[in-house]
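A.B. asks: Quick note, the sequences are listed as chains A and B, same order.
Heads up: the first sequence begins at 1 in my numbering, then just goes up one per residue.
Heads up: the second sequence begins at 1 in my numbering, then just goes up one per residue.
Hints listed in this document are in silico derivations from the structure and should not be mistaken for laboratory results.
Each hint should be verified, as a subset may be incorrect.
Unchecked claim - List time: in silico SDA-like cross-link candidates among lysine to any residue, alpha-carbon distance up to 25 Å:
1) A:K90 x B:R217
2) A:K65 x B:R214
3) B:K38 x A:E131
4) A:K203 x A:G141
5) A:K90 x B:I219
6) A:K27 x B:G139
7) A:K27 x B:G140
8) A:K90 x B:L199
9) A:K90 x B:M216
Said to hold, decoys possible - In silico contact screen, one side only, chain B against chain A (beta carbon under 8 Å); selected entries:
10) E203
11) A208
12) G212
13) P215
14) M216
Claimed, not checked - Computed list of chain B residues with no C-beta within reach of chain A, every gap over 10 Å:
15) S88
16) A155
17) Y204
Fair warning: this is a prediction, and the values are worked out from it, not measured in the lab.
Every residue, glycine too, gets a C-beta built ideally from N, C-alpha and C.
Residue strings, one per chain:
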Amino acid sequence: MSEHNTPLIQVKHLKKYFPAGRKEVVKAIDDISFDIYERETVGLVGESGCGKTTTGRINLVLYDKTDGQVLYRGQDVHQMSRAERYRFKKNAQIVFQDPYSSLDPRMTVADIIGEGIDVHHLAANKRERLEKIYSYLRAVGLNESHASRFVHEFSGGQRQRIGIARALAVEPEFIMLDEPISALDVSIQAQVVNLLIRLQREKGLTYLFVAHDLAMVKHISDRIVVMYLGTVVETAASDALYGKPMHPYTQSLIAAVPIPDPEKERRRSEETIQGEATIAGATQGCRFRTRCKYATEACAREMPSLREVEPGHFVACHNLDQVGR
Amino acid sequence: MAQAKNTAEALRPEDFVILRERSAPSDLLVREPVGYWKDAWRRLRRNKVAMTSLVVLGLFLIMIIIGPYLRGYDYITAAPQYKNADMSAQFWLGADALGRDLFSRLWVGTRVSFVIAIVCTAVQVVVGCLYGSVMAYFGGIVDEIMMRILEVITAIPSLLITILIMIALGNSAFSLLVALCIASWCPTARVVRGQIMQLRESEYVMAAEAMGERPMRIILRHLLPNIMGILILDVATSIPGYIFQEAGLSFIGLGLQTPAISLGLLISNGQAVMNSHVNQLIFPAAVLCIMVLAFNLLGDGLRNALDPKFRK
Numbered sequence: 001m002s003e004h005n006t007p008l009i010q011v012k013h014l015k016k017y018f019p020a021g022r023k024e025v026v027k028a029i030d031d032i033s034f035d036i037y038e039r040e041t042v043g044l045v046g047e048s049g050c051g052k053t054t055t056g057r058i059n060l061v062l063y064d065k066t067d068g069q070v071l072y073r074g075q076d077v078h079q080m081s082r083a084e085r086y087r088f089k090k091n092a093q094i095v096f097q098d099p100y101s102s103l104d105p106r107m108t109v110a111d112i113i114g115e116g117i118d119v120h121h122l123a124a125n126k127r128e129r130l131e132k133i134y135s136y137l138r139a140v141g142l143n144e145s146h147a148s149r150f151v152h153e154f155s156g157g158q159r160q161r162i163g164i165a166r167a168l169a170v171e172p173e174f175i176m177l178d179e180p181i182s183a184l185d186v187s188i189q190a191q192v193v194n195l196l197i198r199l200q201r202e203k204g205l206t207y208l209f210v211a212h213d214l215a216m217v218k219h220i221s222d223r224i225v226v227m228y229l230g231t232v233v234e235t236a237a238s239d240a241l242y243g244k245p246m247h248p249y250t251q252s253l254i255a256a257v258p259i260p261d262p263e264k265e266r267r268r269s270e271e272t273i274q275g276e277a278t279i280a281g282a283t284q285g286c287r288f289r290t291r292c293k294y295a296t297e298a299c300a301r302e303m304p305s306l307r308e309v310e311p312g313h314f315v316a317c318h319n320l321d322q323v324g325r
Numbered sequence: 001m002a003q004a005k006n007t008a009e010a011l012r013p014e015d016f017v018i019l020r021e022r023s024a025p026s027d028l029l030v031r032e033p034v035g036y037w038k039d040a041w042r043r044l045r046r047n048k049v050a051m052t053s054l055v056v057l058g059l060f061l062i063m064i065i066i067g068p069y070l071r072g073y074d075y076i077t078a079a080p081q082y083k084n085a086d087m088s089a090q091f092w093l094g095a096d097a098l099g100r101d102l103f104s105r106l107w108v109g110t111r112v113s114f115v116i117a118i119v120c121t122a123v124q125v126v127v128g129c130l131y132g133s134v135m136a137y138f139g140g141i142v143d144e145i146m147m148r149i150l151e152v153i154t155a156i157p158s159l160l161i162t163i164l165i166m167i168a169l170g171n172s173a174f175s176l177l178v179a180l181c182i183a184s185w186c187p188t189a190r191v192v193r194g195q196i197m198q199l200r201e202s203e204y205v206m207a208a209e210a211m212g213e214r215p216m217r218i219i220l221r222h223l224l225p226n227i228m229g230i231l232i233l234d235v236a237t238s239i240p241g242y243i244f245q246e247a248g249l250s251f252i253g254l255g256l257q258t259p260a261i262s263l264g265l266l267i268s269n270g271q272a273v274m275n276s277h278v279n280q281l282i283f284p285a286a287v288l289c290i291m292v293l294a295f296n297l298l299g300d301g302l303r304n305a306l307d308p309k310f311r312k
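Model the full assembly from the supplied sequences, consistent with the hints where possible.
C.D. replies: Written as structure tokens, this is what we have:
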């Protein structure tokens, strides 16, 4: 899937600082760049609080940025006119992590899905609107009898399907999936992921898949961006990243993926990293150095920038020679 | 044993024919999708108590409008020849100590009590919503200051405020309105603040933003319906409270005073002649009780109807 030529979305040196007390700022996102090509799925992984969701929401102009650019088909999404933004919002949608709080409890499923159709005038009359709602319900594996119900009558997995149907209803080309499966049971997770893959194939969608579950990300993604505390540490094609992780953080992340085999699981080397992700003490230099066993003086002095180590494989680390491969 | 054998014999192979599949297509079970309000109305309609209350209140409303003119009597000027007249074809509910038709006076009094209650409730809800949403929307220091003001007001007993204002401003309908409204919006403001704060952060509001929904529409489609149940309930339970308060204050002489007519005053006058002319007390009291009861029952029904979780 590497024949893509034009990026659909380009994130360029994006920064987002939150004020934290007087004169203090939390650099939630600190100069990140990556591209999303048409019809591909980019997985955005990292531990809680590393800025994955914030990045995704800035891409959809749900949050303001501090600096940098997000380009959609070459156009800065934060500089759009009202009409352009309206068109952009039809093309870029979001599916939320929490299927409980992301659906209006006072609306029927039909109205939740129909909202986007109404906003963008996608149906000529009530009949057509209803037909469309039914077709989206069927597309996500629900049926007509669900349309008149309220969301509290559904299970988590069903609600997430409603959330997906709502995103599909405006016929978008890009969907940001904000940890869409992390609130679901494992058995339901696979169903939802397979649904997402099927919808992508049928409708030619582009996904930004935000998650911290590496196994699922590998299953769905073409390329993966690994974030650590607001910075991108490694970007590569999905197979390359799993086959040959280069950044020490990525290595420990992959080492931490549980293996569904107790024998292997027991024999597996204890490669997990210690401590907690914290920005304190890492205002300068590499943010991972406080937990990195390969850390040197250079890491404290200077923030490593992304280098293309192999074609399409970018890593931000000073000590790639020492890092065991 | 014998019985079992009989049963076995009674069953023949023909009894085990596969029945034709029931022809009940699931499409027939599909309900037409209905909106939130339509659904709430459907649930309210099924509640007999609430619907009865609604009808009773409707009748009261009609009587409030046309009642005083039905008999065509002057219900203000004294007519000593009819002093304390009993119930008759001429005076359906009798006449009061000054010979005025009680039937006409009763509906005028109800009208005054009702209007006072409605105006107070309107002020309470509007001011409460405004104050509460400003607090929730701006947050931070604005929220802190407004919250402290609110706490100071709620810390003073409301009956005390009411009595002080009535004494300071005199016994007019306007001063009664001021007295009843001055602190009444505080609980509403608190509730609205909490609700809006909670809803502002919710992801379905963000989803609507992501969809390109205009802010006004987000408020109308998402925020208001989500606090509307609470507001309607607030209205339905506040009205009988104000009716009671007005009646209570007028009864003890702190509310409206005699040239005016209200339920509280009628009850107070009736109580004075209770031993000889009980009809002068019973009818105003009955109207008061039925009206308050109907509002409370309707409020109950509304609460159930407006919360989809109560849906059967």
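A.B. asks: If you draw a straight line from the CA of K27 of chain A to the CA of G139 of chain B, is it 25 Å or shorter?
C.D. replies: 24 Å, holds
A.B. asks: Given the hint that K90 of chain A pairs with M216 of chain B, test it: the Cα-Cα distance must not exceed 25 Å.
C.D. replies: At roughly 18 Å apart (the allowed maximum being 25 Å), M216 of chain B and K90 of chain A satisfy the hint.
A.B. asks: Does the structure keep K65 of chain A and R214 of chain B at a Cα separation of 25 Å or less?
C.D. replies: 21 Å, holds
A.B. asks: Verify the proposed pairing of K90 of chain A with L199 of chain B, using a straight-line Cα cut of 25 Å.
C.D. replies: 24 Å, holds
A.B. asks: Does the CB of M216 of chain B sit less than 8 Å away from some CB of chain A?
C.D. replies: It is violated, given that the least Cβ distance between M216 of chain B and chain A is near 12 Å, above 8 Å.
A.B. asks: Does K27 of chain A pair with G140 of chain B here, judged by a C-alpha cut-off of 25 Å?
C.D. replies: Cα-Cα ~22 Å, so holds.
A.B. asks: Would the non-interface assignment of Y204 of chain B survive a Cβ cutoff of 10 Å against chain A?
C.D. replies: 4 Å, violated
A.B. asks: Quick one, are K90 of chain A and R217 of chain B close enough, alpha carbons at most 25 Å?
C.D. replies: It holds: about 16 Å lies between the C-alpha atoms, which stays within 25 Å.
A.B. asks: Quick one, are K38 of chain B and E131 of chain A close enough, alpha carbons at most 25 Å?
C.D. replies: 21 Å, holds
A.B. asks: Is the hint on G212 of chain B kept, meaning its closest Cβ partner in chain A is under 8 Å away?
C.D. replies: At 3 Å from the nearest chain A Cβ, G212 of chain B passes the 8 Å test, so the hint holds.
A.B. asks: How about A208 of chain B: closest beta carbon in chain A under 8 Å, or not?
C.D. replies: 7 Å, holds
A.B. asks: Examine each Cβ of chain A, and state whether all of them lie more than 10 Å from the Cβ of A155 of chain B.
C.D. replies: Label holds. Min Cβ-Cβ 32 Å, cutoff 10 Å.
Against the hints set out earlier in the document, violations occur for numbers 13, 14 and 17.
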